[in-house]
Amino acid sequence: ELKVEQNPLFLSMQEGKNYTIYCNYSTTSDRLYWYRQDPGKSLESLFVLLSNGAVKQEGRLMASLDTKARLSTLHITAAVHDLSATYFCAVELDSGYALNFGKGTSLLVTP
Amino acid sequence: DVKVTQSSRYLVKRTGEKVFLECVQDMDHENMFWYRQDPGLGLRLIYFSYDVKMKEKGDIPEGYSVSREKKERFSLILESASTNQTSMYLCASSLLGTGLYEQYFGPGTRLTVT
Numbered sequence: 001e002l003k004v005e006q007n008p009l010f011l012s013m014q015e016g017k018n019y020t021i022y023c024n025y026s027t028t029s030d031r032l033y034w035y036r037q038d039p040g041k042s043l044e045s046l047f048v049l050l051s052n053g054a055v056k057q058e059g060r061l062m063a064s065l066d067t068k069a070r071l072s073t074l075h076i077t078a079a080v081h082d083l084s085a086t087y088f089c090a091v092e093l094d095s096g097y098a099l100n101f102g103k104g105t106s107l108l109v110t111p
Numbered sequence: 001d002v003k004v005t006q007s008s009r010y011l012v013k014r015t016g017e018k019v020f021l022e023c024v025q026d027m028d029h030e031n032m033f034w035y036r037q038d039p040g041l042g043l044r045l046i047y048f049s050y051d052v053k054m055k056e057k058g059d060i061p062e063g064y065s066v067s068r069e070k071k072e073r074f075s076l077i078l079e080s081a082s083t084n085q086t087s088m089y090l091c092a093s094s095l096l097g098t099g100l101y102e103q104y105f106g107p108g109t110r111l112t113v114t
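First to last, the protein sequences are chains A and B. Number 104 in this note's numbering belongs to position 104 of the first sequence; there are no gaps in the numbering. Number 89 in this note's numbering belongs to position 89 of the second sequence; there are no gaps in the numbering.
Check before you lean on any hint, since a few could be wrong.
Claimed, not checked - To give a feel for the contact side, a few chain B residues facing chain A, derived at Cβ under 8 Å:
1) Gly16
2) Asn31
3) Leu96
4) Gln103
Bear in mind the hints are in silico, worked out from the structure with no lab data behind them. We put the CB at the ideal spot given by N, CA and C, even for glycine.
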């Protein structure tokens, strides 16, 4: 059974600081997705990582994938309040149609 | 612009009622999914469908059924609603194919069963 673990699950950080969210998964995959969810809203796609070593950046967020370590990271640079949200990673299996989601990391950026 | 719509944003039903949640996508996607989201539990897959009239159980199918008669529409049915089915329900769709499984989500239906 595939396990997708994110840590931390809760993160409170000050504006201007840097931090990394980790997504570990338990089986072979080289395709991983990151989503953002604002409170009371649905999920929106942030990044799609489709190979080992893939790196994608959008504004203050950068995602990377290391398939050998079965690890993806979402790095936040100089956090701002607008980044407060819950972030989910999701892994695509070779044999499946669906994505397997982590439990999400709830991020709060404070002044 | 891609779009997944759900029939209701908020729904209140009584225990024992039959409940229908509708989802429509306009992207000609093969795959459609129903999740429920509960605090601390993340997203849990209820059912998905990769083609018309095809369905596959997800992680928590008990108490639910689905219907997909047309490619663009995927319905979730609670045969006899119970209070433990109070939750946020999210529908999603995606293409079919390796590396193409980026899912597009609807706005969600917050269902309360009293």
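(message) Quick check on the hint: Leu96 of chain B CB to chain A CB, less than 8 Å?
(response) Leu96 of chain B check passes; min Cβ-Cβ to chain A is 7 Å, inside 8 Å.
(message) Let's test the interface hint: is any C-beta of chain A closer than 8 Å to that of Gly16 of chain B?
(response) With a closest approach of 28 Å, the Gly16 of chain B hint is violated.
(request) Using Cβ atoms only, decide whether Gln103 of chain B comes closer than 8 Å to chain A, and label the hint accordingly. (result) holds, 6 Å
(request) Answer holds if the nearest beta-carbon of chain A is closer than 8 Å to that of Asn31 of chain B; otherwise answer violated. (result) holds, 6 Å
Checked against the numbered hints given earlier, this structure breaks only hint 1.
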